[in-house]
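Student: For the sequence shown, the UniProt record's numbering assigns the number 1 to the initial residue and increments by one for each residue that follows.
Just so you know, the hints here were simulated from the structure itself, not pulled from any lab data. Be aware that a few hints might be false.
[Stated by the list, open to error] Think about it this way: if two alpha-carbon atoms lie no more than 25 Å apart in a straight line, the pair counts; the simulated DMTMM-like pairs of lysine to aspartate or glutamate are:
hint, residue 1, residue 2
1, K418, E456
2, K418, E158
3, K453, E344
4, K384, D350
5, K384, E422
6, K435, D171
7, K435, E147
8, K192, D181
9, K261, E314
10, K134, D359
11, K435, D360
12, K357, E399
13, K453, D359
14, K453, E422
15, K324, D360
16, K134, E498
17, K317, D268
18, K365, E411
19, K134, D360
20, K265, E208
21, K384, E344
22, K418, E498
23, K192, D171
24, K384, E399
25, K324, D268
26, K265, D179
27, K317, E257
28, K540, E555
29, K453, E147
30, K357, E404
31, K265, D181
32, K237, E211
33, K265, D321
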Amino acid sequence: MAEAGTGFLEQLKSCIVWSWTYLWTVWFFIVLFLVYILRVPLKINDNLSTVSMFLNTLTPKFYVALTGTSSLISGLILIFEWWYFRKYGTSFIEQVSVSHLRPLLGGVDNNSSNNSNSSNGDSDSNRQSVSECKVWRNPLNLFRGAEYNRYTWVTGREPLTYYDMNLSAQDHQTFFTCDSDHLRPADAIMQKAWRERNPQARISAAHEALEINEIRSRVEVPLIASSTIWEIKLLPKCATAYILLAEEEATTIAEAEKLFKQALKAGDGCYRRSQQLQHHGSQYEAQHRRDTNVLVYIKRRLAMCARRLGRTREAVKMMRDLMKEFPLLSMFNIHENLLEALLELQAYADVQAVLAKYDDISLPKSATICYTAALLKARAVSDKFSPEAASRRGLSTAEMNAVEAIHRAVEFNPHVPKYLLEMKSLILPPEHILKRGDSEAIAYAFFHLAHWKRVEGALNLLHSFRMIPYPLEKGHLFYPYPICTETADRELLPSFHEVSVYPKKELPFFILFTAGLCSFTAMLALLTHQFPELMGVFAKAFLSTLFAPLNFVMEKVESILPSSLWHQLTRI
Numbered sequence: 001m002a003e004a005g006t007g008f009l010e011q012l013k014s015c016i017v018w019s020w021t022y023l024w025t026v027w028f029f030i031v032l033f034l035v036y037i038l039r040v041p042l043k044i045n046d047n048l049s050t051v052s053m054f055l056n057t058l059t060p061k062f063y064v065a066l067t068g069t070s071s072l073i074s075g076l077i078l079i080f081e082w083w084y085f086r087k088y089g090t091s092f093i094e095q096v097s098v099s100h101l102r103p104l105l106g107g108v109d110n111n112s113s114n115n116s117n118s119s120n121g122d123s124d125s126n127r128q129s130v131s132e133c134k135v136w137r138n139p140l141n142l143f144r145g146a147e148y149n150r151y152t153w154v155t156g157r158e159p160l161t162y163y164d165m166n167l168s169a170q171d172h173q174t175f176f177t178c179d180s181d182h183l184r185p186a187d188a189i190m191q192k193a194w195r196e197r198n199p200q201a202r203i204s205a206a207h208e209a210l211e212i213n214e215i216r217s218r219v220e221v222p223l224i225a226s227s228t229i230w231e232i233k234l235l236p237k238c239a240t241a242y243i244l245l246a247e248e249e250a251t252t253i254a255e256a257e258k259l260f261k262q263a264l265k266a267g268d269g270c271y272r273r274s275q276q277l278q279h280h281g282s283q284y285e286a287q288h289r290r291d292t293n294v295l296v297y298i299k300r301r302l303a304m305c306a307r308r309l310g311r312t313r314e315a316v317k318m319m320r321d322l323m324k325e326f327p328l329l330s331m332f333n334i335h336e337n338l339l340e341a342l343l344e345l346q347a348y349a350d351v352q353a354v355l356a357k358y359d360d361i362s363l364p365k366s367a368t369i370c371y372t373a374a375l376l377k378a379r380a381v382s383d384k385f386s387p388e389a390a391s392r393r394g395l396s397t398a399e400m401n402a403v404e405a406i407h408r409a410v411e412f413n414p415h416v417p418k419y420l421l422e423m424k425s426l427i428l429p430p431e432h433i434l435k436r437g438d439s440e441a442i443a444y445a446f447f448h449l450a451h452w453k454r455v456e457g458a459l460n461l462l463h464s465f466r467m468i469p470y471p472l473e474k475g476h477l478f479y480p481y482p483i484c485t486e487t488a489d490r491e492l493l494p495s496f497h498e499v500s501v502y503p504k505k506e507l508p509f510f511i512l513f514t515a516g517l518c519s520f521t522a523m524l525a526l527l528t529h530q531f532p533e534l535m536g537v538f539a540k541a542f543l544s545t546l547f548a549p550l551n552f553v554m555e556k557v558e559s560i561l562p563s564s565l566w567h568q569l570t571r572i
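Take these sequences, add in the hints, and give me the full structure.
Tutor: Below you can see the structure in the form of structure tokens.
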């Protein structure tokens with residue numbers, strides 16, 4: 001019985017919603033008919049004549065004040081709507097209408113109880129996908145002391161945000177610490193140092209960790225009964241302390257390289273010792289995993305130092321050896337460093353070989369992968385490509401492949417062309433990037449703009465894709481463009497940079513409407529103040545023209561329905 005009652009109520013509710021959705025015009029005409037029938041007892045004609053007499057007695061000053069007040073109110077609404085749109089990306093009036101008025105008018109789908117669970121699941125999955133805008137470590141990130149801090153000294157601006165540096169601190173704690181750090185005093189100090197927010201406190205902690213390693217431990221070994229021999233033993237150096245000093249204290253790349261070489265000597269020794277003990281328990285296995293991360297990080301940064309100092313071939317060799325030695329550590333994305341170095345050497349065949357391995361459908365994509373593949377395809381045709389000639393004879397197979405590759409790259413990250421075509425100024429790339437976001441575009445263009453300029457005609461070919469069509473955001477070769485990139489990029493990029501937004505948001509209807517209303521009422525106020533008599537004649541002519549069809553309809557209705565109809569109905 002309860003289920004039958006519930007079903008009847010749902011049916012009744014759906015009927016009411018349907019009536020409000022499709023039969024509102026019928027309801028409107030019924031109300032008008034009732035008002036017309038009741039016009040005599042309600043004295044509508046007398047009230048209208050009284051109102052018209054009152055309006056005729058008003059002076060032009062009243063109309064000036066009325067239109068001026070309307071212009072002021074609409075102007076305030078316009079300012080508020082514009083501020084709300086700039087901050088939240090939507091119209092306040094539209095949002096209130098959709099969230100509050102639409103359910104009252106039946107705009108929400110009311111499915112059965114069987115479908116409600118599935119719809120809730122879909123909404124949860126959508127909400128989860130929005131929150132999964134994963135932030136990645138920038139494989140080409142700069143050195144804090146030698147590059148980021150030098151920028152701050154020169155310009156007085158902070159190139160890194162607190163959110164970005166906080167993510168780096170979390171990465172360092174993940175890669176460079178383990179649960180057994182308390183057993184080694186230097187590692188225990190470094191575990192606290194990675195959590196420090198103050199750079200000077202971190203640097204001081206790193207020096208303290210290195211000083212602890214200078215303490216010598218003595219072990220008494222009784223070789224002769226009447227004497228003892230002291231065996232002097234040095235504790236192992238702290239590699240992570242050298243890493244921190246190379247990243248944050250070194251003011252040049254050459255200084256950072258020297259510190260990383262010392263870190264390599266210490267890290268390699270720790271790695272070899274933990275490699276021998278890794279199977280003795282979970283504690284030793286965690287130490288070996290930590291030491292592996294430290295060693296890979298040091299070698300990668302040493303290769304980047306060689307690349308910065310102009311020893312590109314040496315950097316390529318170090319990256320290749322590192323990828324062969326640790327093929328499973330793909331989290332550092334060393335292949336992106338290798339691609340950039342090979343492009344600097346103009347070794348395009350080697351670049352194509354690296355892309356053949358990593359540009360796979362099963363592997364995660366990046367702007368470096370997509371745009372490097374597009375650059376190689378464009379290089380084959382860009383020197384002879386002409387839009388006029390292509391429009392006459394059509395695209396060849398190579399040109400079509402190049403266009404499709406650029407289309408694929410632009411769909412993956414639509415922000416990159418603005419920086420490659422120098423339509424927007426570059427800033428220092430952040431330490432973390434968001435795939436398909438403005439932060440990734442900056443990180444890619446910062447290092448690869450020179451490679452695109454080196455290939456003659458490549459930027460001209462890319463220029464045709466500077467304005468991407470809106471259908472790309474729906475997903476053609478990749479998933480639909482995520483809607484959370486703007487929020488994450490604003491957290492990653494400094495405040496002085498204007499974040500690139502895609503798709504570019506159009507102004508809501510209500511902003512345009514209030515802008516037009518404000519301008520129109522302000523113009524009316526000005527004209528009424530300057531030409532009161534002329535505007536009065538114009539207003540009367542406009543109102544008489546506006547109400548002429550209504551008067552005509554009322555005369556026809558009067559001829560069909562006499563005014564005494566209400567009295568006849570009351571007698572019945």
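Student: Indicate, hint by hint, whether the structure satisfies it.
Tutor: Consistency of the hints with the structure:
1. K418 - E456: 18 Å, holds
2. K418 - E158: Holds. K418 to E158 sits at ~23 Å (cutoff 25 Å).
3. K453 - E344: Holds, at roughly 12 Å.
4. K384 - D350: Status holds; Cα separation ~24 Å.
5. K384 - E422: 23 Å, holds
6. K435 - D171: 18 Å, holds
7. K435 - E147: 23 Å, holds
8. K192 - D181: Since the Cα atoms of K192 and D181 sit roughly 10 Å apart, the hinted pair holds (cutoff 25 Å).
9. K261 - E314: 15 Å, holds
10. K134 - D359: 20 Å, holds
11. K435 - D360: 17 Å, holds
12. K357 - E399: 24 Å, holds
13. K453 - D359: 23 Å, holds
14. K453 - E422: Between K453 and E422 the Cα gap is close to 11 Å, so the pair holds against 25 Å.
15. K324 - D360: Given that 25 Å is the threshold and the Cα spacing comes to 19 Å, the pair holds.
16. K134 - E498: Holds: K134 and E498 sit about 21 Å apart, inside 25 Å.
17. K317 - D268: It holds: about 19 Å lies between the C-alpha atoms, which stays within 25 Å.
18. K365 - E411: 12 Å, holds
19. K134 - D360: 20 Å, holds
20. K265 - E208: 19 Å, holds
21. K384 - E344: 23 Å, holds
22. K418 - E498: 13 Å, holds
23. K192 - D171: Status holds; Cα separation ~14 Å.
24. K384 - E399: This hinted pair holds, its Cα atoms lying about 10 Å apart.
25. K324 - D268: 17 Å, holds
26. K265 - D179: Answer holds: K265 to D179 is near 23 Å, not above 25 Å.
27. K317 - E257: 16 Å, holds
28. K540 - E555: 21 Å, holds
29. K453 - E147: Given that 25 Å is the threshold and the Cα spacing comes to 24 Å, the pair holds.
30. K357 - E404: Holds. K357 to E404 sits at ~20 Å (cutoff 25 Å).
31. K265 - D181: 20 Å, holds
32. K237 - E211: Answer holds: K237 to E211 is near 9 Å, not above 25 Å.
33. K265 - D321: OK: K265 and D321 at ~17 Å, within 25 Å.
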